[in-house]
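Based on the provided sequences and hints, a complete structural model is requested.
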Amino acid sequence: MTQIAPPPREVSPDDLAARKRPAGPAVRTLVSPLALASAKGRAVYWTVFTGVVLAFVLAFLFPVYWMVTGAMKSPDELVQTPPTLFPKSFSLGAYTDSWELMDLPTHLWNTVVQASGAWILQLVFCTAAAYALSKLKPAFGKVILGGILATLMVPAQALVVPKYLTVADLPLIHTSLLNDPLGIWLPAVANAFNLYLLKRFFDQIPRDVLEAAEIDGAGKLRTLWSILLPMSRPVLGVVSIFALVAVWQDFLWPLMVFSDTDKQPISVALVQLSQNISLSVLIAAMVIASIPMVLMFLVFQRHIIAGISAGSTKG
Amino acid sequence: MKTAQVPQRSAAAPPPTTGQRPAGRGAPSPFRRKLSHQARAYGFLLGGLLCFALFSWYPAIRAVIIAFQKYTPGSAPEWVGTDNFTQVFQDPEFGAAWRNTLTFTLIALLIGFAVPFVMALVLNELRHARAFFRVVVYLPVMIPPVVSALLWKWFYDPGAGLANEVLSSLHLPTSNWSNGADTALVSLVIVATWANLGGTVLIYLAALQGIPGELYEAAELDGASIFQRIRHVTVPQTRFIILMLMLLQIIATMQVFTEPFVITGGGPENSTVTILYLIYKYAFLYNNFGGACALSVMLLVVLGLFSALYLRLTRTDD
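Chains as they are written, first to last, in the numbering used here: chain A, 11 to 325; chain B, 409 to 726.
Simulated from the structure, these hints should not be mistaken for lab results. Do not take every clue at face value.
[What the hints assert, rightly or not] From the derived model, a few chain A residues whose C-beta atoms are all more than 12 Å from chain B:
id	residue
1	G103
2	W119
3	S126
4	P240
5	S250
6	N286
[What the hints assert, rightly or not] Only some residues are given here: those of chain B computed to face chain A with a beta carbon under 8 Å:
id	residue
7	Y450
8	F452
9	P467
10	P481
11	L534
12	A537
13	V543
14	V544
15	V545
16	V554
17	D590
18	I638
19	T642
20	V643
21	T666
22	L684
The beta-carbon is built from N, C-alpha and C at its ideal position, and this holds for glycine as well.
Encoded structure:
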């Protein structure tokens with residue numbers, strides 16, 4: 011994104027993350043610091059701490075470890091009892107096999123296309139609509155906003171069948187978006203949650219800032235692009251992450267939209283191909299399918315976690 | 409919505425057009441200018457509005473219409489009154505699907521509420537490695553649901569699965585897990601909980617950190633034990649968030665699809681057919697879109713009630 015005006019940042023995810031308390035003398039919680047400071051308290055604390063670390067590692071990291079190393083085991087070793095904790099020999103054969111046998115490049119690419127298209131369209135259309143509703147106040151704007159918010163009451167999954175019929179035969183123009191990335195992209199734009207998030211953020215930006223720009227001769231589009239968007243970087247980041255994750259993780263909708271095998275995203279392809287493929291190849295493909303989102307999480311984890319904890323408690 | 413402070417320009421009495429730019433706010437705007445302002449506003453709104461109309465509003469109305477039609481793509485729809493509903497009601501899978509969905513939601517709620525709450529309580533007391541806990545607990549959420557489902561399907565496997573291996577090495581009786589009619593549903597709840605609880609834990613954690621420490625101090629001075637402090641301080645202080653998350657969880661878990669589709673295929677003996685799975689079957693296996701929409705409308709009504717309650721409680725403005 012090219013920035014013309016320097017972005018005046020109001021609340022950045024870094025600020026939110028800064029709320030986390032430092033280790034050591036901390037805000038009072040359930041257990042008093044005094045009780046913790048005693049010898050017995052310290053012993054209990056470190057016992058609990060160790061227990062929790064072990065439990066977390068076992069419950070959340072071990073399955074992932076098991077998956078990553080499982081794909082490195084030979085097919086015989088994979089089914090042997092008792093199972094081995096470490097692969098006897100680390101072989102990446104299953105990974106390369108799954109890459110070719112399951113045609114992972116195609117499916118990964120499909121997923122990337124679907125997710126990034128949905129992300130871009132959502133940013134463009136939702137931002138524009140939120141800007142109009144928040145700052146331009148069109149006639150019937152409140153009715154439209156009400157209609158958009160009403161869709162929050164309608165759980166998305168319950169409507170997949172009529173939505174599928176609409177996508178299969180668009181009204182008036184009678185074209186089908188089945189097996190077309192547009193079938194993912196356009197419905198993704200109708201995301202009331204993200205639109206409302208943007209609108210709420212825009213509402214907080216004083217009108218004077220925008221009016222000053224307009225007096226200086228900036229058009230509506232330029233005001234949006236040069237003034238509002240640079241100020242909205244935190245919320246745009248949150249919306250981007252939500253949009254990307256949602257498409258990447260979705261299963262039911264792409265399962266309906268893409269019947270052509272070579273158009274399917276990785277989630278659908280994995281399930282469709284899981285029947286006739288050897289276990290180690292399937293596990294390798296599962297690992298590969300997880301890498302992009304896990305990587306994104308590890309890179310942006312502070313922002314993602316801050317967004318979850320902050321966004322939801324304010325609600 | 410607070411809009412009162414925004415000056416509403418009235419449509420009445422447009423002053424004569426001068427072609428000059430008005431000096432600023434409060435200047436009476438000519439009718440023409442107003443019209444072009446509206447046009448521009450709708451220009452910005454158009455893309456989003458079309459998408460909502462096509463993929464949210466229209467399908468919602470259409471679900472209700474098709475529920476009363478015999479509908480096969482390609483041929484003209486035919487009105488059949490409530491036939492779809494009676495047909496769906498008579499389907500033996502219908503009762504099973506609702507029973508399974510409600511049971512799934514109930515168990516998921518019990519586990520999905522208790523486990524994250526306790527986890528958050530404990531994590532909030534720990535002073536070290538906070539970032540580690542947060543990242544690790546959220547990691548499964550970022551693994552694609554399909555992968556989680558396949559992963560657990562492998563764990564549950566009666567031959568090569570880890571689950572029974574662990575049980576037998578601890579000298580515990582093994583289980584049929586997702587392959588047994590009486591254990592399949594619980595097995596699916598375990599998968600869904602593992603995959604989703606990270607978000608819940610983080611939200612509870614944020615809520616717990618918002619509790620003023622003085623409350624605990626005061627309770628302690630009054631001689632309240634740790635459990636009394638939880639009962640009389642922590643729970644009341646987080647009650648609102650708990651209620652919110654419960655409602656959200658009900659709405660989310662009642663739409664469960666990926667786990668039964670990937671792990672059990674609805675079986676064994678229909679023990680894991682859920683409503684959404686049945687909707688999928690009607691549409692894509694039986695090619696009966698009328699029945700699928702009748703089911704969708706029922707699910708919609710039930711979930712809509714919970715959603716309305718949720719929105720009503722979370723409404724912050726006005």
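Chain A contact restraint for L534 of chain B - C-beta distance below 8 Å: holds, 6 Å
Hint check, V544 of chain B versus chain A [nearest Cβ-Cβ separation less than 8 Å]: holds, 5 Å
The output says N286 of chain A does not contact chain B. Does that hold with a beta carbon cutoff of 12 Å? holds, 14 Å
Restraint check, 8 Å cut-off on beta carbons, for V554 of chain B near chain A: Holds - the Cβ of V554 of chain B comes within 8 Å of chain A, reaching about 4 Å at its closest.
Once the shortest beta carbon distance from P481 of chain B to chain A is found, is it less than 8 Å? holds, 6 Å
L684 of chain B as chain A interface residue, shortest Cβ-Cβ below 8 Å: holds, 6 Å
Would you say W119 of chain A is clear of chain B, with no C-beta pair closer than or equal to 12 Å? holds, 16 Å
Chain A contact restraint on T666 of chain B - CB to CB distance below 8 Å: With Cβ-Cβ at 5 Å, under 8 Å, it holds.
Hint validity - F452 of chain B Cβ closer than 8 Å to any chain A Cβ: Since chain A brings a Cβ to about 4 Å from F452 of chain B, closer than 8 Å, the hint holds.
Under 8 Å, Cβ to Cβ, is where V543 of chain B needs to be relative to chain A, so tell me if that hint holds or is violated. holds, 5 Å
Return the status of the interface hint for Y450 of chain B: holds when the least beta-carbon distance to chain A is below 8 Å, violated otherwise. holds, 6 Å
If you take the shortest Cβ to Cβ gap from V545 of chain B to chain A, is it below 8 Å? holds, 6 Å
When held up to the earlier numbered hints, the structure conflicts with 17 and 20 and fits the remainder.
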